[in-house]
Amino acid sequence: MSVDESWTTRIITEEEADTAQSKSGFDPLTGIYHSLHQLGENFQIPTRHDIDTTTYVLSQFPHPDHAPTKVALIDLATNHQVNYSQLHRSIRALASGLYNGLGVRKGDVVFLLSQNSILYPTICLAIFSTGAILSPANPVNTKSEISKQIQDSGAKLVISSPEELHKLLEIGVPTLVTTRESNGDSLSVEELIEYSDPLELPQVGITQSDTAAILYSSGTTGTSKGVILTHSNFIAVMTLLKWSVFATSSQNDTFLCFIPIFHIYGLAFFGLGLFCAGITTVLMRRFDFQAMLDAVQAYKINNIPAVPPVILGLVKNGSKVKRDLSSLRRVGSGAAPLSKDLSDEFRRRFPWVELRQGYGLTESCAAATFFISDEQAKKHPASCGRLVPTFSAKIVDTETGSALPPGGKGELWLKSPTIMKGYLGNEAATAATIDPDGWLKTGDMGYLDEDGFLHLVDRIKELIKHNGYQVAPAELEAILLGHPQVLDAAVIPVEDEEAGQIPMAYVVRAAGSELTEEQVIQFVANQVAPYKKVRRVGFISAIPKSAAGKILRRELVSHSQQITSKL
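Under UniProt numbering, read the sequence shown as residues 1 to 567, first letter to last.
All the pointers check out, no bait thrown in.
Label pairs and their in silico Cβ distance ranges:
(1) D397 <-> G425: 27 to 33 Å
(2) I372 <-> H63: 25 to 31 Å
(3) K379 <-> R349: 15 to 21 Å
(4) Q251 <-> A77: 25 to 31 Å
(5) V508 <-> A298: 49 to 55 Å
(6) D344 <-> K545: 36 to 42 Å
(7) A298 <-> S541: 54 to 60 Å
Using 27 Å as the maximum straight-line C-alpha spacing, the simulated BS3-like pairs for lysine-lysine come out as follows:
(8) K441 <-> K340
(9) K441 <-> K421
(10) K148 <-> K421
(11) K533 <-> K316
(12) K415 <-> K23
(13) K143 <-> K533
(14) K143 <-> K167
(15) K409 <-> K378
(16) K441 <-> K545
(17) K465 <-> K533
(18) K156 <-> K421
(19) K143 <-> K156
(20) K378 <-> K316
(21) K378 <-> K320
(22) K300 <-> K320
(23) K320 <-> K340
(24) K415 <-> K465
(25) K409 <-> K23
(26) K441 <-> K415
(27) K340 <-> K378
(28) K378 <-> K465
(29) K533 <-> K545
(30) K300 <-> K378
(31) K300 <-> K70
Everything labelled a hint here was simulated from the structure, so no lab data went into it. Backbone N, C-alpha and C fix where the C-beta goes; we use that ideal spot for every residue, glycine too.
Using the sequences plus the hints, can you model the full thing?
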């Protein structure tokens with residue numbers, strides 16, 4: 001029996017097949033769900049092979065006659081504004097400076113370490129324009145984490161904000177600072193933009209299949225891996241984002257950005273996609289709740305792509321908000337699950353604001369599902385939407401490998417032009433995550449209902465989602481096992497109202513050890529970024545494991561829930 005044949009669970013009539021497919025997008029003959037949305041003639045993904053991310057973005061900018069009067073970015077801290085004409089020139093000038101002044105060439109990896117700034121999108125697009133490969137990082141990462149990523153990615157140049165330079169003193173890679181320093185010792189991005197000729201960048205010969213970026217994610221399992229995204233991936237997701245802006249009548253909205261642009265969520269929206277729709281974005285360098293409220297009032301913000309902790313903050317502080325939020329008409333939620341209860345409470349407190357949840361992964365270039373209307377979102381508050389155009393999905397039974405019909409729970413597999421090329425230098429992990437037919441195994445357990453809406457019910461992968469960031473238990477366990485008084489350790493997720501989940505460590509102490517919870521927490525904190533810190537510790541006589549030696553995390557999760565219920 002072929003794989004396709006094994007997906008058919010019973011013989012159905014043609015009428016049943018037509019009905020199932022029209023409502024949910026499910027094809028019973030193949031076991032595949034197809035998107036119920038179509039891009040339309042005005043939003044087709046370019047098929048030309050010789051086009052790169054930056055060329056595509058610039059081609060979508062407002063007409064040159066209108067670009068000087070259309071604001072692209074506003075720095076919330078300084079009110080400095082950049083219009084689309086200035087942004088166009090800055091991208092081309094910086095690309096010229098990187099190519100002619102610093103010798104950046106096609107295939108070189110450029111490591112970017114910075115908080116959000118109005119220079120960030122310019123840097124990303126300039127790197128793409130030279131044919132080089134962008135590898136951004138979280139600026140709160142430790143020296144060792146930064147060094148590891150630079151080494152793993154093979155970075156030839158580092159671009160860093162002045163605040164992070166102290167973490168780069170011993171890496172041995174040329175470094176370019178983002179902004180001018182008072183002592184004037186270091187060349188800056190600002191100076192390259194100012195003094196480089198935007199017309200002096202030669203044709204580099206970039207194709208859609210070339211690698212554009214390496215973003216580090218914990219993947220569907222294990223420690224951090226470099227996700228290889230191509231120009232084709234970015235061009236596809238930008239087309240989808242432009243389509244979604246017009247499909248949701250958001251083309252005249254002013255957006256607020258506090259999502260970090262080093263994250264795929266921020267990069268897809270604020271580093272690339274929204275420029276293709278001529279959107280104006282007010283940019284926050286880092287998130288601050290009060291500053292967010294001030295920005296909404298001062299700039300009449302209409303649209304905020306957000307994460308669940310922000311929505312929780314609005315709900316908990318709704319009665320205390322003393323700012324005019326009447327301009328706000330839509331809040332999106334991504335990067336982590338949003339509960340039905342929180343969604344309902346948000347809508348109760350802010351009835352004029354649409355709340356729409358979406359789902360995507362770094363490996364899918366941030367795309368997968370979303371809600372096209374507020375009516376849909378209200379009707380399906382526990383869902384994260386329908387498949388976006390170009391996407392197909394399967395729900396695969398983890399025991400039998402069979403594809404399941406609507407309502408059947410299994411692992412979510414995805415296929416689309418946005419799916420990553422693979423993991424950098426890790427063929428085994430790539431083969432385990434992408435099957436020979438190009439299906440991405442997400443590691444998430446869920447189902448699609450009769451109307452084609454995705455419901456995620458559990459994570460097969462063992463990653464912990466803390467404030468939208470992925471934390472790999474294996475990484476923390478390796479650190480814990482390096483402590484001389486720790487015999488064994490396991491890390492599990494514990495549900496947390498504010499952060500979504502927090503890492504909890506179960507530790508087996510060495511004989512005679514009096515190791516305390518605080519000492520364990522501090523030991524890990526000294527070696528990882530703040531979002532990866534262990535927040536709770538339990539001491540146990542033995543870590544439960546299977547016969548094959550695999551940690552039985554569900555037993556530990558159950559144990560932690562019993563403890564919590566008694567508190």
